[in-house]
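2 protein chains.
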Amino acid sequence: MSKHHEIEIYSIYIGNQDDTFVTDKTEEVDLEYGGIQGDLHFGLTKFAGSRESMYKRGTEIFNRRQISIVSVEECELIAEKLEVDQILPEWLGANVAIKGFRNLTKLPPGSRIIFPSGAGILCEGENLPCTQPGEVIQTKYPGILGLTTRFVKASLGQRGIVGIVESTGRIVSGDTAKVIVN
Amino acid sequence: MSKHHEIEIYSIYIGNQDDTFVTDKTEEVDLEYGGIQGDLHFGLTKFAGSRESMYKRGTEIFNRRQISIVSVEECELIAEKLEVDQILPEWLGANVAIKGFRNLTKLPPGSRIIFPSGAGILCEGENLPCTQPGEVIQTKYPGILGLTTRFVKASLGQRGIVGIVESTGRIVSGDTAKVIVN
Numbered sequence: 078m079s080k081h082h083e084i085e086i087y088s089i090y091i092g093n094q095d096d097t098f099v100t101d102k103t104e105e106v107d108l109e110y111g112g113i114q115g116d117l118h119f120g121l122t123k124f125a126g127s128r129e130s131m132y133k134r135g136t137e138i139f140n141r142r143q144i145s146i147v148s149v150e151e152c153e154l155i156a157e158k159l160e161v162d163q164i165l166p167e168w169l170g171a172n173v174a175i176k177g178f179r180n181l182t183k184l185p186p187g188s189r190i191i192f193p194s195g196a197g198i199l200c201e202g203e204n205l206p207c208t209q210p211g212e213v214i215q216t217k218y219p220g221i222l223g224l225t226t227r228f229v230k231a232s233l234g235q236r237g238i239v240g241i242v243e244s245t246g247r248i249v250s251g252d253t254a255k256v257i258v259n
Numbered sequence: 078m079s080k081h082h083e084i085e086i087y088s089i090y091i092g093n094q095d096d097t098f099v100t101d102k103t104e105e106v107d108l109e110y111g112g113i114q115g116d117l118h119f120g121l122t123k124f125a126g127s128r129e130s131m132y133k134r135g136t137e138i139f140n141r142r143q144i145s146i147v148s149v150e151e152c153e154l155i156a157e158k159l160e161v162d163q164i165l166p167e168w169l170g171a172n173v174a175i176k177g178f179r180n181l182t183k184l185p186p187g188s189r190i191i192f193p194s195g196a197g198i199l200c201e202g203e204n205l206p207c208t209q210p211g212e213v214i215q216t217k218y219p220g221i222l223g224l225t226t227r228f229v230k231a232s233l234g235q236r237g238i239v240g241i242v243e244s245t246g247r248i249v250s251g252d253t254a255k256v257i258v259n
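Chains as they are written, first to last, in this note's numbering: chain A, 78 to 259; chain B, 78 to 259.
Chain A on its own, in the form it takes in the complex:
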């Protein structure tokens, strides 16, 4: 990977519904330390779950999953593999969908996405897929069998990344941002 890439902030989302992790499209949000105020994953700390099995379940730990980012190109690839029309970023609980960076999920931890406002997100690595978005996708395509579990395999290595807010500021749909690869 070369060191610098220009990308488009294709769309922005917030997860503030009570009963689902599915996010809603919005025009702009403020990145704060801990993520996006009001978002499901907002907070400087979280409780350790199955992804942090090195800690006792339920222990309070630093929250590396403040922001979820996907790429439009990888969503298209997952849709192709599942043979469905489309996979929308909000079904994956994404906060940011970017365009122009095909291999987002392979972005090494420590890489950064820098926005025109000066806001910056620090990549904390691949967002390992689980069945939850698969369940959502299954409800969108009731005529196609097995999407819940097929999603996990189809999206491994292509489901985007998680990150933390390194520098606060507003991010706006349509921004041209910069990826700095670590």
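Derived from the structure by calculation, the hints contain no laboratory data. Treat the hints with care, since some could be wrong.
One side of the interface only, derived from the structure: several residues of chain B facing chain A at Cβ under 8 Å [as the list claims (entries may be wrong)]:
(1) TYR110
(2) GLN114
(3) LEU117
(4) GLY120
(5) LEU121
(6) TYR132
(7) GLY135
(8) PHE139
(9) PRO186
(10) GLY187
(11) GLY202
(12) LEU205
(13) ILE241
(14) GLU243
(15) ASN259
Computed list of lysine-lysine pairs in DSS-like fashion (alpha-carbon distance at most 27 Å, straight line) [to be verified]:
(16) B/LYS255 / A/LYS123
(17) A/LYS255 / B/LYS123
(18) A/LYS80 / B/LYS183
(19) B/LYS80 / A/LYS230
(20) A/LYS158 / A/LYS183
(21) B/LYS217 / B/LYS158
(22) B/LYS158 / A/LYS133
The beta carbon of each residue, even a glycine, is placed where N, CA and C say it ideally should be.
Starting from the structure of chain A, add chain B where the hints point.
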């Protein structure tokens, strides 16, 4: 690298002197979110400097340099290259010196060091060398020329890592800890 390694916490240090980044050996410290209370690098945020040139200098950003970790083996290698008797971790401003993990500096970001208390440090990558520890080393070996600048080259790739506190807790000199490679 294999996935799990047992290491020894060889020694622990705190940087609480007014006029230097050089640390002092201590028996145990509490890791808190932000690092070690009273340490020079303690804090959930810091001001962007030359290592964070993607942000305007002086901008408040999240602090990834909460804890500095070196390995005894790499300190010995640097000493060999500089042809000096020893390089002590405290001269490098280290908070933790570990033993039993030769290639610590190559530890990928996202890797973890887990302590018996449940405390955990998240690796944020290589601590890129600068001349400051070189100046300290030069004062220790006044008869050997050029150590200030030679240190930078000699320690590149071997000067240890920086990290953030992911899980709080006490860490004690002599602990057996676990490295989980990302």
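We went through each hint and held it up to the structure:
1. TYR110: Holds, about 6 Å.
2. GLN114: Hint on B/GLN114: violated, closest Cβ of chain A at ~16 Å, above 8 Å.
3. LEU117: violated, 20 Å
4. GLY120: Not OK, violated: B/GLY120 not within 8 Å of chain A, min 12 Å.
5. LEU121: holds, 7 Å
6. TYR132: holds, 5 Å
7. GLY135: Since chain A brings no Cβ nearer than about 12 Å to B/GLY135, farther than 8 Å, the hint is violated.
8. PHE139: Given a least distance of 5 Å, the restraint on B/PHE139 holds.
9. PRO186: Result: holds, 4 Å to nearest chain A Cβ.
10. GLY187: Hint holds; B/GLY187 Cβ to chain A Cβ min 4 Å, cut 8 Å.
11. GLY202: holds, 5 Å
12. LEU205: Constraint on B/LEU205 not satisfied, violated at 12 Å.
13. ILE241: With Cβ-Cβ at 6 Å, under 8 Å, it holds.
14. GLU243: With a minimum Cβ separation of about 5 Å from chain A (threshold 8 Å), the hint on B/GLU243 holds.
15. ASN259: Since the shortest Cβ distance to chain A is 7 Å, the answer is holds.
16. B/LYS255 / A/LYS123: Cα-Cα ~22 Å, so holds.
17. A/LYS255 / B/LYS123: holds, 22 Å
18. A/LYS80 / B/LYS183: The given pair, whose Cα atoms are some 19 Å apart, holds under the 27 Å limit.
19. B/LYS80 / A/LYS230: holds, 23 Å
20. A/LYS158 / A/LYS183: holds, 18 Å
21. B/LYS217 / B/LYS158: Status holds; Cα separation ~16 Å.
22. B/LYS158 / A/LYS133: violated, 42 Å
Hint compliance for this structure: hints 2, 3, 4, 7, 12, 22 are not met, and every other hint is.
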